[in-house]
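Number of protein chains: 2
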Amino acid sequence: MVITKCWQCLMNFPSEFIANVNNVMLQLNKLGKDDPRRVIHSLKVSLAITLVSTFYYFKPLYDSFGSSAMWAVITVIVVSEFSVGATLGKGLNRGFATFLAGVLGLGSYYIVHLISSGNTIMESILLGIIIFLATAGVTYIRFLPKMKARYDYGLLVFILTYCLVCVSSFREHEIIDTAQDRVTTILVGGLISVLVNILLCPVWAGCDLQNLVSNNIEKLSNFLEGFGDEYFGTLEAGKLNKSLMQGYKSVLNSKQVEDNLTNFARWEPCHGRFGYHHPWQQYQKIGNLSRQCAYRIDALNGFLNNFTKTPKEIRSKIQEPCIQMSIETGKALKQLAISIHKMIPPIAAKTHITTSKIYATNLKSMIKTKLWEDTNLFEVGPVVTVASLLLDVVCSIEKLVESVQELSTLAKFKNKENNIAVEDQKEVPQPCCNSSGPQHVITIVPEDIVQ
Amino acid sequence: MVITKCWQCLMNFPSEFIANVNNVMLQLNKLGKDDPRRVIHSLKVSLAITLVSTFYYFKPLYDSFGSSAMWAVITVIVVSEFSVGATLGKGLNRGFATFLAGVLGLGSYYIVHLISSGNTIMESILLGIIIFLATAGVTYIRFLPKMKARYDYGLLVFILTYCLVCVSSFREHEIIDTAQDRVTTILVGGLISVLVNILLCPVWAGCDLQNLVSNNIEKLSNFLEGFGDEYFGTLEAGKLNKSLMQGYKSVLNSKQVEDNLTNFARWEPCHGRFGYHHPWQQYQKIGNLSRQCAYRIDALNGFLNNFTKTPKEIRSKIQEPCIQMSIETGKALKQLAISIHKMIPPIAAKTHITTSKIYATNLKSMIKTKLWEDTNLFEVGPVVTVASLLLDVVCSIEKLVESVQELSTLAKFKNKENNIAVEDQKEVPQPCCNSSGPQHVITIVPEDIVQ
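Chains as they are written, first to last, in this note's numbering: chain W, 15 to 465; chain L, 15 to 465.
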């Protein structure tokens with residue numbers, strides 16, 4: 015029995031193995047297709063390591079550094095990250111921390127050596143105490159959120175170098191030479207890594223952050239542009255791209271990636287359209303507001319699955335302003351995404367938000383009238399909720415527009431492409447009303463526009 | 015002018031410096047108070063480093079390992095993480111990767127040495143090509159999400175060791191001895207680090223995950239328990255703990271921490287109440303459902319700031335079932351939190367969810383009646399929305415209960431503390447109705463309970 019099972023396992027192994035390998039190959043292939051920069055990054059890391067290996071291959075170089083050349087290889091491997099910001103951040107952290115810890119370590123050793131005046135037991139005890147206190151202190155400081163975000167790697171390297179210098183100096187006597195060699199090789203390794211990263215197809219975390227924030231807003235826009243037609247069933251089935259609409263779900267959990275990219279972007283020098291002191295943290299703020307909006311949209315999405323429970327004639331009573339609001343807010347978001355992406359002021363978005371606010375006022379007036387007298391409140395409930403959530407979405411998008419406006423001011427966005435704004439102005443906002451409902455003359459009082 | 019400014023800056027410097035130092039000290043103090051395990055962790059790392067330093071302090075130990083002792087120190091510093099799971103994960107990754115890369119590196123070197131038969135230029139070219147290909151391949155594999163989550167550090171160490179062994183073997187001739195010393199010291203370093211981490215006040219990622227998921231559910235519960243009274247204004251101002259209610263906001267962005275803890279927990283051996291193959295991924299699932307619920311709660315929270323716009327008499331029409339639903343769902347969540355925390359089946363939670371479903375049916379019946387005939391739909395709208403969101407919350411909590419039930423089955427929770435369930439049974443669910451509204455006889459049809 016056991017033998018038969020083993021035999022079966024053994025017979026199945028090759029086919030399972032091949033299936034697994036095939037699966038992994040497919041995944042690897044997809045990774046490269048999704049973002050070809052990943053392939054380039056792998057080649058860049060290889061190139062940097064090949065370059066740094068010359069420390070070993072060329073005898074004159076090896077003779078001057080000896081086994082310290084190892085530190086150059088280690089540095090290249092550890093520092094090479096995907097984006098310029100991450101590589102620079104790690105490189106600078108490693109460089110400064112190594113230098114500082116080296117100097118402090120040597121200083122500590124000489125003081126201990128002076129105090130213990132040749133007594134090796136006392137020397138080792140004193141060194142032990144100093145190392146204990148320094149490590150405990152720096153390890154504890156690593157818990158500070160601000161330190162963790164930007165200098166965690168530096169603090170780790172500091173502990174590492176400080177301990178190594180202190181304990182090595184106890185045994186090695188040419189410690190100054192060793193330290194000098196190491197610092198030099200680490201600097202060379204870091205430099206090679208940073209240069210390869212910046213000079214060959216650089217991946218800027220700043221650009222990635224900008225694209226992420228802009229794409230996230232576009233995903234929300236895709237949902238809203240489709241929502242009205244989907245909820246009120248005004249478009250033929252099959253014409254709506256449902257998977258495009260569901261893209262907003264990735265926005266809900268994008269905080270961590272945004273925070274990381276912001277941290278990396280802050281290490282990057284001026285590049286492309288991003289100057290010195292570019293307001294990276296404003297992108298974080300915009301990202302948070304996008305998520306606020308995404309939570310509302312998630313609530314709206316819940317109604318897409320239940321909407322058949324409300325008769326179509328009831329839904330149709332507020333169809334017009336709701337569809338228009340959803341389209342206009344979608345357009346506003348799309349313009350915001352373009353504005354962030356192209357770095358132009360969000361003028362077009364403001365136009366759309368003003369239009370959607372007019373529809374919001376219309377919607378409120380319609381709800382205020384006794385349009386519903388003959389209907390069952392239980393059936394009306396979900397429709398009113400959808401309307402109310404849409405009003406809420408308008409509110410949160412208004413905040414988003416303000417925030418992008420702030421970014422535009424801080425980063426001095428310029429209106430290079432007037433055509434976008436002009437093209438947009440053509441769509442004149444027109445007060446609308448449900449054809450079956452009563453007509454209202456609408457006076458828009460700004461404070462009253464959106465609840 | 016410039017001199018005056020400089021002088022002012024110089025004069026202000028000490029006071030600013032002292033203020034900054036004070037600020038940092040306050041933050042450090044708070045860190046320790048919030049979680050005293052941080053202080054203990056810092057001391058544990060220090061202890062591990064002091065232990066590993068003996069490689070340098072004791073001559074016999076230093077004589078046998080020489081400068082390879084450095085690798086023990088490096089390993090301890092790099093591997094020592096806060097939780098047992100993270101430390102074990104890093105330690106095992108480092109250990110296996112070093113061993114595998116060492117063996118493969120030596121193998122590659124000997125094959126190259128054999129092929130090039132003494133021609134050093136050809137040898138260096140062949141080694142360069144091998145290193146290039148290996149690095150590019152492994153760096154690319156690091157992008158695979160599954161690999162990144164669990165084996166990222168191992169892959170990094172693999173590249174590092176493989177490159178070091180390959181290039182070192184080109185120059186050093188006692189490479190086998192060096193490799194042996196390094197592997198031994200790395201193993202010793204890893205072992206010291208893991209032992210100190212496990213034996214002295216261990217921090218289990220599994221426990222942290224359990225507490226996080228349970229606390230998050232409790233935060234949602236705090237909101238719901240307070241929501242009814244806050245929205246309908248049935249409690250005196252000052253009696254509600256608003257900051258406690260707003261605690262749910264941290265749940266919205268807890269995904270990353272949960273995912274990390276799950277990854278760490280999977281490295282941990284059996285400990286306390288957690289057996290081998292504990293279903294850690296079920297906690298992730300519960301976490302995701304909690305966040306779904308938190309999004310709805312965030313939408314409800316929006317109405318707390320606007321509720322004064324709806325007259326109290328309108329709100330009071332559905333006050334009774336809404337308050338009861340919000341309290342019962344809150345209690346259900348509290349019981350779920352207790353169930354996860356104490357590892358007992360979620361029986362009590364089921365009772366509360368059944369009660370809240372009865373109130374949900376009541377609420378629906380009340381909305382169905384023409385209770386609102388004389389009212390303005392615009393004023394009723396928000397109230398209906400709140401009711402509908404509450405019904406939605408009941409739905410999502412039901413899913414949460416099922417998921418915790420699944421966890422209870424998978425992890426074989428046992429009902430050790432019957433008193434909780436019994437105490438809970440006392441609260442008999444009673445069909446309720448708004449005193450001002452008509453009385454209904456309610457027949458509960460399971461499929462119809464919650465929309």
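Do not take every clue at face value.
Note that identical chains are pooled: a pair holds if it fits in a single copy or bridges any two copies.
Claimed, not checked - Restricting the straight-line Cα-Cα distance to at most 27 Å, the calculated cross-link-like pairs of lysine-lysine (DSS-like) are:
| no. | residue 1 | residue 2 |
| --- | --- | --- |
| 1 | Lys269 | Lys256 |
| 2 | Lys47 | Lys426 |
| 3 | Lys160 | Lys263 |
| 4 | Lys299 | Lys426 |
| 5 | Lys47 | Lys162 |
| 6 | Lys44 | Lys269 |
| 7 | Lys348 | Lys162 |
| 8 | Lys47 | Lys160 |
| 9 | Lys162 | Lys269 |
Bear in mind the hints are in silico, worked out from the structure with no lab data behind them.
Hint by hint, here is what the structure shows:
1. Lys269 with Lys256: both (24 Å within a copy, 25 Å between copies)
2. Lys47 with Lys426: neither (35 Å within a copy, 44 Å between copies)
3. Lys160 with Lys263: between (29 Å within a copy, 21 Å between copies)
4. Lys299 with Lys426: Intra 17 Å, inter 44 Å, cutoff 27 Å: intra-copy only.
5. Lys47 with Lys162: Intra 33 Å, inter 18 Å, cutoff 27 Å: inter-copy only.
6. Lys44 with Lys269: Classified as both; 24 Å inside a copy, 25 Å across copies.
7. Lys348 with Lys162: Answer is neither; intra-copy 35 Å and inter-copy 33 Å both fail.
8. Lys47 with Lys160: between (36 Å within a copy, 18 Å between copies)
9. Lys162 with Lys269: both (17 Å within a copy, 19 Å between copies)
Hint compliance for this structure: hints 2, 7 are broken, all remaining hints hold.
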